[in-house]
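We have chain A; now place chains B and C onto it with these hints.
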Amino acid sequence: MLGLTGSPAELARGVIGRSAIIVAFLGVALFVVPAVLGGDWIKTLTAVAIYAVVAAGLVTLYGRVGMISLGQIALLAIGTWTATRISYAADLPFPILLLVTGAITCGVGVLIGLPALRLSGLYLALITLMAAGAVNVVLTTINFPNGGHGFTGRTSTPDLSGLQPVGRPGIAGGDTAYYRYTIVVCALMFLLIAAHFASKPGRAWASIRESEPAALATGVNIVRYKLWAFALASFTTGVAGGLLAAQLGQPTAFGFPTQDSLTLLAAALIGGIYSLWGAVIAGAFSQLAPFLFQAQWGIDPNFLLIIFGVGLLQVLLTAPRGIVVQMPKDIANLGKLGAHLFRKVTGGSRSPE
Amino acid sequence: MRSTKIKLSVMCAVAGLLVLSAALATGAGATSTAAVGSGKASATKSVCGAGTGKKATGKPIKLGGIDMLIPGVDFTTIGKFAAAYFKCVNDNGGINGRPIKYILYNEQLNPTQQAALAKKLVESDKVVGIVGNTSFTECGTNWKYYKSKGFTVIGAGVQAECFGTPTFVESNMGPRYSNIGAAQALVRRGAKSLMVASPDTISAYADGGVLKVAQAAGIPGKAFPIKLPITDANSTILQLVQAAGEGGGVILDFTPDSAPALMQAAIAQGLVDKVIWGSSTPIANAFMAKQFGAFDGKMHINQEFGNINDGSPDENLYLAITKKYAPSISPQAFGQMGFMDAKFAVQALLSVKGQVTAASYNKAVRALKNVKTSMLCKPWYVGNNLAYHIPNNTDITVTYKAGEVVTEDKCIPIQAVDPELTQTRKWETQFNLNTGK
Amino acid sequence: MISFATTTIFGVDWIFLKPYIVVGLALGGVYALSGVGVVVLYQATGVLNLAFGAIGAAGALISYYLVNHTSTPHWIAYLACVVFGAIVNVVYGMVLGPAFAGRDPLVKMMGTLGLALILLGVMAWRAPAGGAFVRVLQLPTSNHRYTVFGATVNLTQILALVFALVLTVGTTAFLRFTKIGTAMRALASDREITATLGVPVRRVELAAWLGSGIVCGAAGLLLADLFTSLDYTALTFLVISSLAAALIGRLQSLWVTLLGGLAVGLAQAVATPYSSISAYRTAAPFVLAIIALLYLGRHRTVTLSRTAG
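Residue numbers (our numbering), protein chains in the order written: chain A, 5 to 357; chain B, 260 to 696; chain C, 256 to 564.
Here chain A stands alone, though its shape is the one from the complex:
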């Protein structure tokens, strides 16, 4: 990922090459897609970007540090809830709302992470799942704010027609404009995470994942860096939650079932848990695939569950680095095979195999 081998010229070319790909991707996302695809696609792709950020949190925690969190959807729900509550209580500019939401979710994430850090591996994963289950119970009980007063902001007699949903930023009220705004914010979140990977925290995380005793021996403060990873993942997920709140307008507790944490992790593993591009694929799997199946191809959405399961098994067994690494390899292999066949066909008669 860091590509630290090679001459300075090669390094520079590598970095420029990767940046070019990213810029091209963003360009297509921002300008080509809205021009070509309809409103239904735009709404779906906005959600893809948001869930990609959540998956990026998983990439950070598991891919980089080796900690599994099965509660990312619960954190997303907390972020969405916080943004909704704040937007009913005060009239903040949208970027500030996102930052505040991210900060609060970061605090919650660290609060959950701190005692959990003593555990490792399976226990850490399971305790995050338990925390997610508890959060889900609380969320379905207190529900989402709908204009009422008090901490929960919930009234049993909401003013339906006059209800102000979570407000979008002034410059991005419409769906397409909000889609672009979301892409930009999500790209910033990815940039934040990538910057971490490329600097000191990233190296500390890599050493922790390899071997904690060795990391300790080289003077890495394990607790601090693990917490930092939790904080980063929670912050970015919180910001994603804020974006989701404004995308939905009036969120409900139905949108965040506990099992979604498991399926998002499955999607991230399939996409590629060691790479941020894998997070993008994970977002597409979890949000775009149901739309494609249902609205575009007319296939029973339950098939998707089956495909998910098979894909997960496949990935775990044969391609642990996920689609993002496997697909280029497979395409390259396919290309080599094609070239080989082409040569055989045109290269005259050799002795048959």
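Dumping the calculated PhoX-like pairs for lysine-lysine here, alpha-carbon to alpha-carbon at most 25 Å:
#1 K304/B to K631/B
#2 K385/B to K360/B
#3 K299/B to K314/B
#4 K471/B to K533/B
#5 K637/B to K299/B
#6 K273/C to K533/B
#7 K481/B to K273/C
#8 K557/B to K481/B
#9 K273/C to K486/B
Selected chain B positions facing chain C (in silico; Cβ < 8 Å):
#10 D491
#11 A492
#12 P515
#13 D516
#14 A520
#15 Q528
To spell it out: a stretch of chain B is covered by chain A in this simulated footprint if at least three of its residues, at any positions, have a beta carbon under 8 Å from a beta carbon of chain A; those stretches are:
#16 378 to 391
#17 395 to 402
#18 415 to 424
#19 460 to 468
These are calculated hints, taken from the structure and not from any lab test.
Built from N, CA and C at the ideal position, the CB exists for glycine as well.
Same frame as chain A, now just chains B and C:
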């Protein structure tokens, strides 16, 4: 090599599972060939559309619908029955010779997906109207979008927004008013208290009316939001009965997915005779009646529509359509909702003079009033641009008896404990919406 | 507080509280059974089986079809559920187990998640939930009822408790005192080394997966009855709540898992009449698991992670 072997094994295992499960599949029934829905409409006979008996072959008119489909709750039955009704209409001359093409999508409670599907129907598929929508949350997600496009949606609702916004008009009355009806039935039978239990995600809306009925009757009332799926039915039912006290009333507001656990627990704990039981509509069907003979005459269910077997014209047509076009849909309230949604949509389409466009169709929908159907106590209506629509606000009480659903109280108006109901009844007389003339 | 004038505990009359204790123990039996089943498999194969609920639900669905749509004698239909559980477990364990052998327990767990998703997808596709009906699989033992402390329990609930107890006692003894049991524990700990010791690895694995598959099927049958409606989604994700009991036992001690499951059921039921916390009582499994894990994990540990991937 090893990885290939593994891939193969995985695929084989999956294929084996699928084959095994295919063996479990229930087959589709045979269809009959009688001419359904044809003839002349009269006081004793209902027909599909114009009833000509001739297939419509013109350019299709497109209608769309979005129904919720999650593992455990399947509202697509409503859309599927509407589709069956439309097929009947298409076999009877369609709309002035044009068949109806119905596009039905399902959603999984993902608001982004709901919004995207609505956009797809209106902007990509270019339907002239939306019919048959039912979901826990779609009304809330999409009502503003539909309004901005001038669409008035005929559906069946659960959420407050389905009965509180100008965009949606429902053939049913929803859990809040159905619970009020059940509460009235219990008060009529001398209940000394009113306890009501609903899924926690809709409890605030669904249970509020019952508390008002209790207050008006001067008896204690309490709402119990219940988390689904129900894992501790015994505790829940104990709690409800203890809170109600001897001779009190307990109203259950659950679908057949969850209600059996509670009712079974009541039977097991010997609590059936301790309180007076009531319920909203979803458990009023023959299957539940057969399962729960222990509740015969003791469970007073508020039913938003008529009994399927009462021999009235629309119910007969319903059964005939089921037999020919939807044999796999067992007779149930969801089917009735689909029937009515489609019937009202067809009525609107037939009343359009000139080109059928989104504008003209939805205008015709809004103009609907005094639409008679033997499935409802009073004629149905939309009433133009009212702030909200609650056209179904008078219904019956039923109970189980020997494996069947039988009527106990006929056509009682829902108690006007909500200002919206009072206002709705004022509108009905003011604009002559359902007086039948 | 606890007052003796009218015997109230924190404001709720003892008369009203009594039945919840009985109900809670019955509910605890459910959690204990699934929890012990999960830990048994983990002890024997090192795999935390997230598909536990899904396999049981699928088996129960098959039994339902056999009972309601064919003229198979009921006891054969119930047996089919158990056999199905055994078959699926054995196929998964024997075909995919070795491939997962050297991997992180987390990865092994995610593999079973894949299986759970496949099963859930197949069930939802082929046996869609109806609008007006619900599938009910009632075991004949549910008709026998007994009144205890003002509440009623039926024979199925007692069976679930007894089954959990027998499983705990039996498996603990089996794993500790028999040769195969010791081989299983060694296998779960490190497959490579165990193989070099001359232990017939494949046969021992087969025994482990077969045993836990039978437990899975039997538990599925009991749970489908105890939940009244065959809601396969609920049954599949019941595994999350049962993990709470397993976690209280730290995935190690079957006895603590059993008692933990009972404690969780008790806590959830007894919280019901207390209106201030009643709405949150379904969080009882999660809260108790978190407390147990944090308390038990209070000694700092440093991990040697397996190589990634």
